[in-house]
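Trainee: Listed below are the residues making up each chain.
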Amino acid sequence: MDFEFLGQTFLKLLPGIPVTLELATVSLLLGACLALVFAVIRVRRIRPLNWLVIGYVYVFRGTPLLVQLFIIYYGLAQFPEIRNSFAWTYLREPYWCALLALVLNTAAYGSEILRGALLSVPRGQIMAAQACGMSGLLLFRRISFPIALRQALPAYGNEFILMIKATSLASLVTLADVTGIAARIIAETYRPVEVFVAAGTIYLTICYGLILLVRLAETRLNPDQRDPAPVARVGAARKEVTP
Amino acid sequence: MLDTLAMFGFGPEGWGPAMLRAAANTVAVAAAGFALGGGLGILVAWAKIAGNAPLRWLAAAYTTVLRGIPDLLVIYLFYFGSGLLLTPIANMFGVEGFVSFPGFVAGMGAIGVVSGAYHAEVIRGAFYSVKAGELEAATAMGMPRLLKFRRITLPLVTRHALPGLGNVWQMVLKESALISVTGLVEIMRQAQIGSSFTRQPFTFYFAAGVLFLAITILSGLIFNRLEHRYSRGRA
Numbered sequence: 001m002d003f004e005f006l007g008q009t010f011l012k013l014l015p016g017i018p019v020t021l022e023l024a025t026v027s028l029l030l031g032a033c034l035a036l037v038f039a040v041i042r043v044r045r046i047r048p049l050n051w052l053v054i055g056y057v058y059v060f061r062g063t064p065l066l067v068q069l070f071i072i073y074y075g076l077a078q079f080p081e082i083r084n085s086f087a088w089t090y091l092r093e094p095y096w097c098a099l100l101a102l103v104l105n106t107a108a109y110g111s112e113i114l115r116g117a118l119l120s121v122p123r124g125q126i127m128a129a130q131a132c133g134m135s136g137l138l139l140f141r142r143i144s145f146p147i148a149l150r151q152a153l154p155a156y157g158n159e160f161i162l163m164i165k166a167t168s169l170a171s172l173v174t175l176a177d178v179t180g181i182a183a184r185i186i187a188e189t190y191r192p193v194e195v196f197v198a199a200g201t202i203y204l205t206i207c208y209g210l211i212l213l214v215r216l217a218e219t220r221l222n223p224d225q226r227d228p229a230p231v232a233r234v235g236a237a238r239k240e241v242t243p
Numbered sequence: 001m002l003d004t005l006a007m008f009g010f011g012p013e014g015w016g017p018a019m020l021r022a023a024a025n026t027v028a029v030a031a032a033g034f035a036l037g038g039g040l041g042i043l044v045a046w047a048k049i050a051g052n053a054p055l056r057w058l059a060a061a062y063t064t065v066l067r068g069i070p071d072l073l074v075i076y077l078f079y080f081g082s083g084l085l086l087t088p089i090a091n092m093f094g095v096e097g098f099v100s101f102p103g104f105v106a107g108m109g110a111i112g113v114v115s116g117a118y119h120a121e122v123i124r125g126a127f128y129s130v131k132a133g134e135l136e137a138a139t140a141m142g143m144p145r146l147l148k149f150r151r152i153t154l155p156l157v158t159r160h161a162l163p164g165l166g167n168v169w170q171m172v173l174k175e176s177a178l179i180s181v182t183g184l185v186e187i188m189r190q191a192q193i194g195s196s197f198t199r200q201p202f203t204f205y206f207a208a209g210v211l212f213l214a215i216t217i218l219s220g221l222i223f224n225r226l227e228h229r230y231s232r233g234r235a
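From first to last, the protein sequence lines stand for chains A and B.
Number 27 in the UniProt record's numbering belongs to position 27 of the first sequence; there are no gaps in the numbering.
Number 102 in the UniProt record's numbering belongs to position 102 of the second sequence; there are no gaps in the numbering.
There's no promise every hint is true.
[To be verified] These stretches of chain B come out as covered by chain A in the derived footprint (C-beta under 8 Å, 3 or more residues):
(1) 81-95
(2) 104-115
(3) 195-202
(4) 209-220
Please keep in mind that the hints were generated in silico from the structure rather than gathered at the bench.
From the three backbone atoms N, C-alpha and C, an ideal C-beta is built for every residue, glycine too.
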């Protein structure tokens, strides 16, 4: 392996990192908001919308992201109505198309994760909140949602990783993210191994950092599972003294 | 509407047969990659469960790395990387220019190596959910190692692994769309050809989506039946 070339490649790939990170962050944030709305519609069984969401999730989880991306980027141009509308200023840009496809895709997967989490909130917790006089939005914001978030975090952490990997498809609609630059270097130099190692290292670092962040969030959201506080240790010591 | 139906029909001008042949290619390359990944997954799971320290470390590195790198990069590595190996050999025999694995082989290899990491995790999880008593009972009956593996361990692990394997298959199927970058005429590549020929990209990519959906629904049904079959006699 040619380490000088590896270093050069690494430097050339660096400008792709912000593109990859931006695509992943924006699509995950928007996708999570959409997913939450969909999950609430499913859990509350809000009738006509419920069916729509079920169909949407089914279609978006049953087809490859690449098909969704190409339908949006190449497909929509087939209709003159869209080409002449205001939306065309965005839909002809590969960046917005990639973002739209990623958002719609992650919203479908995310809504299933959040739905499962909302359904797993213990009935007793909600009843206790109701007994305290909470209802509606207050109950959701203070009780159901935080408990569901704890449940959902490990699975949603997986979805983060999958989305980092999914942003690489944006390179197929000409965006210069890490994979896009890597593909161009491979085509120019025919040295796939070094390029793969350099790009792979970047993706692995991003994913590993993300895993650490998710773990940090998990310990923050689950105060009951953290190391016992000093007070508790005093209690334990006292137990040993009295036989 | 009628025009669209005629376009995907089986007449002389129709794209129906081409799309169906492409769908068969998609299923073939996905199935071949899935099988390769399954074999790799069994080996890696075995290394993780029963291997010594260096083997375990290697297996852990493999599953971590392959699950953190985009599939597209792995496909590029296999497609162009095989060219690195094959082009000098081909040139030696008088063939000019860039020579690499055909798209099918490169795609199968890439899918196999990526899905092997997911297979390994599913199989390992399934092995640990087999109860120790079930395996001890087989030992107590005096079964030799190989017989015990074939008659007891394998069926029980399969039972626990099937739902996870179904998920891996669905993932592999959707991943196979990326193999279009190697030029293999699977569903996506055929849709690209059709849309550049007729200038109707939406129609063709939509048809590609419908085909993928049909394949995922069908394979979901098959996996459901398999799960039912392997859960016979479950308390």
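Trainee: Run through the hints listed earlier and report the numbers of any the structure violates, in increasing order.
Mentor: Per hint list: single violation, 2.
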